[in-house]
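Novice: Working from the sequences, and respecting the hints, build out all of it.
2 protein chains.
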Amino acid sequence: MTISRLSDLAVRTLMLLAVGDRDGDRMTAAIVATSVNASTSHVAKIVSRLVELGAIESRRGRGGGLRITEAGRHLSVGALLRELEGPGETVECEGPQPCPLAGNCRLRRAFADAREAFFATLDPLTVTDIVRSPTQQVLLTLEPAFSPTTSNDG
Amino acid sequence: MTISRLSDLAVRTLMLLAVGDRDGDRMTAAIVATSVNASTSHVAKIVSRLVELGAIESRRGRGGGLRITEAGRHLSVGALLRELEGPGETVECEGPQPCPLAGNCRLRRAFADAREAFFATLDPLTVTDIVRSPTQQVLLTLEPAFSPTTSNDG
Chain A
421 MTISRLSDLA
431 VRTLMLLAVG
441 DRDGDRMTAA
451 IVATSVNAST
461 SHVAKIVSRL
471 VELGAIESRR
481 GRGGGLRITE
491 AGRHLSVGAL
501 LRELEGPGET
511 VECEGPQPCP
521 LAGNCRLRRA
531 FADAREAFFA
541 TLDPLTVTDI
551 VRSPTQQVLL
561 TLEPAFSPTT
571 SNDG
Chain B
421 MTISRLSDLA
431 VRTLMLLAVG
441 DRDGDRMTAA
451 IVATSVNAST
461 SHVAKIVSRL
471 VELGAIESRR
481 GRGGGLRITE
491 AGRHLSVGAL
501 LRELEGPGET
511 VECEGPQPCP
521 LAGNCRLRRA
531 FADAREAFFA
541 TLDPLTVTDI
551 VRSPTQQVLL
561 TLEPAFSPTT
571 SNDG
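Protein chains in written order, with the numbering used here: chain A, 421 to 574; chain B, 421 to 574.
Careful: at least some of the hints might be erroneous.
[Unchecked claim] Restraint-style ranges between C-beta atoms, simulated for each label pair:
(1) E490/A <-> S461/B: 37 to 43 Å
(2) R529/B <-> R479/A: 46 to 52 Å
(3) E477/A <-> A464/B: 51 to 57 Å
(4) E477/B <-> A491/A: 52 to 58 Å
(5) G506/B <-> P507/A: 24 to 30 Å
[Stated by the list, open to error] Over 10 Å on every C-beta distance to chain B, these chain A residues come out as not near it, computed from the model:
(6) E477
(7) S478
(8) R479
(9) G483
(10) E490
(11) A491
(12) R493
(13) E503
(14) A530
(15) A537
(16) L542
[To be verified] Short, incomplete list of chain A residues facing chain B, as computed with Cβ under 7 Å:
(17) L527
(18) D533
(19) A534
(20) L545
Just so you know, these hints were derived from the structure itself, not from any lab.
Idealized CB from N, CA, C, for every residue including glycine.
Specialist: This is the structure in structure tokens:
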């Protein structure tokens, strides 16, 4: 059972920004991409979604870059995933080759409940919660990605 | 959030066999494949896994074919998915480009809990439960796939 790559990277991006967002730091999609092992274009798409959701803000120019907002820090992981995963199904019932059982399937309802149980488990957890140490210690060792020296690049 | 295509088809295969398994019927991987919109080779792989799990049996020759076992009828959907999905992660933490946070990530533990909540919701539900009407009525309209006439093929 997996969440989408987009959701996965969105959570990791928020985690990085939550810890790396200190005075003097400058975060960009490229720096996040390196830290989370993804392409810059993919991260740029995620950043744009997170900006829409008010979880991060992006400022241009010197002293600019990506920053997590207060709302982003207090964002529930469950709520974020519900938003990003959308109202889709756990299995594909519709689509080009719809399942003939889709209309009346008891499994479909059961999967919807199971999916909700998954999100509900993550509801009480905020971005701030998940970057509390020991995770925070590890994130801080990713220093090169967001040390003040990188701000000389732009 | 999705389960694997293998798990998805395994559940659908069991549902079909649970309803289509009547005297005179002959089910094959090819017939199941048509009914669940999948390739025969993919369904054959799934059938082989379900045979290993004791959920179905496969007999060769005249009067043979695929049949769901009693154990298969009473199989918990949650238990089946736990088995098929394996002990994997909700997001990829290891792999060729391991996440630098993997060792200490609070999110990883939270995802494991959420995944367990997903399976636990499906634990009380057996294959027999999910093919009770109205689903059963729909499955029965898939008649051509497992009408007695198809047993003339082999």
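Novice: Of the numbered hints stated earlier in the document, which are not met by this structure?
Specialist: Numbers 1, 2, 14, 15 and 16, in rising order.
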